Amino acid sequence: MNYLRGGKILRIDLTNQTISTEPIEDYTDRFIGGKGINVKLLFDATAAKAEPLNPGNAIVFGAGTLVGTPFPGACRLDIQARSPVTRSLGYAGMGGYFSARMKTAGYDNIVVTGKAEKPVYVYINDDKVEIKNAGLVWRHDTYETPEIIRREVHDPTANVISIGPTGEKLVVYASVVSPTGNSASRTGMGCVMGSKNLKAIAVNGSRGIIIACPEKFLKICNDLRNTLCHARPYEELHRWGLTRNHDREMVNYYDLLGIEWNSSRDVSEETFVRDYRVRTVGCITCPVACFQGCSVPEVGAGSMKCSPPGDLTWDLRNKNMHVYWETLVMCQRNGIDARAVSNSIAWLMKLHELGIITAADTDGLSMEWGNTEAILGMTRKILFREGFGAVIGQGLTEAARQIGRGAENYLFMAHGSPADMHWIPIKTRVLRSAVSPVGGDSSVQPPLDMAAARAYIKTKDEASFLEAIQGLKDRAEKELGIRDAPDPRTTKGKAALIHQKEIVSSVCNITGECIWLTGFMGLPVDIPDIAHALTLGFGKEVTVDSLTQAALRLQSVERAFSQRLGLSRSDDTVSNRLRLHIQRKENEARDLGCSETELETMKDDYYNLKGWDVTTGLITRVSLEKLDLNDVADALAL
Amino acid sequence: MSQYIAVDHRNCTGCKTCEMVCSIHHWGESNMWKSAIRVLRKEIDGLVNCLPLVCQQCTDPACMNACPTDAISRNNGGAVTFSKNDCIDCGACIDVCPAGCVPTNLEGAVVMYCDLCDGQPMCVNNCHGHCLSVKDNTDEKGAPGVRRLADILTQEKLWDYLPVRRVNK
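Chains as they are written, first to last, in numbering that gives the first Met the number 0: chain A, 0 to 637; chain B, 0 to 168.
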């Protein structure tokens, strides 16, 4: 019995218009499910040197092992391909309802290869899988497309994910979006769909997810839901999403960065939600429901969520919440990573401030900080690849090359991907941004050294600082055996902090669990809960150790994917502007921030922990064989 | 006096946990098409509207009156119940329910009636949003719960999104 599974991998070749399936079992022992299987399918299906927008690139969709069950927060859909943004591994995840429906149709993972001659969408209804002409939906946005498709296939309960005009126009930052604001935004997965002429995937399914011990499984889900709903941060997150938290945190972030902004008090997400909230909504089986559905007359509706309110206000010095909302709705409708839009505009504003560009370079838009006309105008240009927007649409690295005049020195990038401008470059975050296979990834944020960094700027002297971080050090000693790990001034233990959170993140990705419900947001779901649920679901024991092994396999195959493209230690880096973004007094910036030497020291520790070659950062045959990944070692010719 | 599951859909976040726990409890699998409660979901112009639909245990049920074979009856606790053996798949119960609260599975339109889980409904216990609650049906004349749901369906233009009739037999 295929417990907890859809049961099959669906393969769609758009060039030859062929559809096939295979059982999932070949992958489950080593990779368990979700992103674990996804990344191996991508590694196997993508031609070794296929350019991101060529038919040889594959795009893979995966639903985690617990998705489709009532395990609280198991809702994630993982999308991976070679990225047109980083030019190496791409990855974006989204919540919503699509992933669960994929499994009830019988599929845990979907691999799409090739390129359709004309625009198409895929309609999956159990065993019936059709590649259909997308003539009716092409050029429609991600709000309209699902409804048109549902009508065309006479299936009002089908779940649909789609790309908007931005993905069709191959803007590298294009996203894949659900009709309700769930967005797989990062690394240009919508652009890859566009390059395949794949407008959307619609799915419906009639099968159930079979559970080995249903009543016991139900009980632990019920108990965990209760625990969640009584956890300290729950009420705030459920009622307000991240909005009020954000209002406080943005002040703290900018304080840590040492950047002042006089108009910051005008920006209030809480007030905006109070004024315009229609309804709190969320993803399948999630008790937190962090989305605030808002509607502003004359502008439109969308979901207020964790990103990008700070990106489109503080980071652009924009105090006008209506301009923020108009920009967000445009980004959601047309399908783009709003964080990349914010980062691009902030970069242009910096270049304008320095005199590197003028309004003449940007089609007459004066890219002054906080200029609302420039924010709306440039967003439109990027979305529709018009005028100067076409320069940005190729990606910022290429845009910097075209502008020249030293513009590349002001890019704010993590491993080739535009980072968020309120990212605090303390040591763990610089390390993670550098070694992450996909660049800036907000799912790995160790809290200990961030808490210590805050204590550092708030305490008067060394003695009071050490007293303030006593508890953090106790925790680090208990969890990692490295007492100094939280101290923001030293590189000690930083790789271990990252490694610890990478395991949690990978286990969540394998099972489809949303990272928000874990310690990431101070909520109680942890790896042992997931292992327990899998044990009852499969009817055979799944241990924390076996989950950890699967997480390490996932990370190794990700690394192998990059390695096959020729990436190594020197590519594990962030732009100097990101690394040097802390603008506090010199000694504070030095203590909290991260020098090049410190980054290299932490990378040594990190590669050592992973068992990779320290000199080159390359994965080794020995480390792959330890994880039973001999086939990956063979593919890399190690 | 029977009880019913009252719905305050303003609190519904659309998470469908109720559907999943109902089907696991009754059928051992997580399958919305085998759940007695179905969450209607309308996604238009960037907003979501959700409305859980579940038998409102009418005191004078239209479905029971319309059933030609007595497949629908009341059990000792007063809950409307369904006998699969007596059902001839005519669909009359589905058509007459004023609020689309008679869900079917996909294999031969077997009706999924809410049996209130013997007084401790799983969906209510697992609803984090305070959207579902068990209430006494005090109105002896008719069907206030179902009329209320029907009004919501009309007022909020939700009729086109009923999740109960996916397969046209």
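Source of the hints: derived by calculation from the structure; they are not laboratory data.
Accuracy of the hints is not assured; some may be wrong.
Derived contacts from chain B toward chain A, CB cut-off under 7 Å, selection only [claimed, not checked]: (1) Gly-13; (2) Glu-28; (3) Ala-61; (4) Asn-125.
What the simulated footprint calls covered on chain B by chain A, stretch by stretch (three residues with Cβ under 8 Å from a Cβ of chain A suffice, anywhere in the stretch; the number is not a length) [what the hints assert, rightly or not]: (5) 30-37; (6) 43-56.
For clarity, every value in this text was computed on a predicted model and none was experimentally measured.
Built from N, CA and C at the ideal position, the CB exists for glycine as well.
Structure-based check of each hint:
no. : hint    : verdict
1   : Gly-13  : 5 Å, holds
2   : Glu-28  : 3 Å, holds
3   : Ala-61  : 23 Å, violated
4   : Asn-125 : 6 Å, holds
5   : 30-37   : holds (count 4)
6   : 43-56   : holds (count 7)
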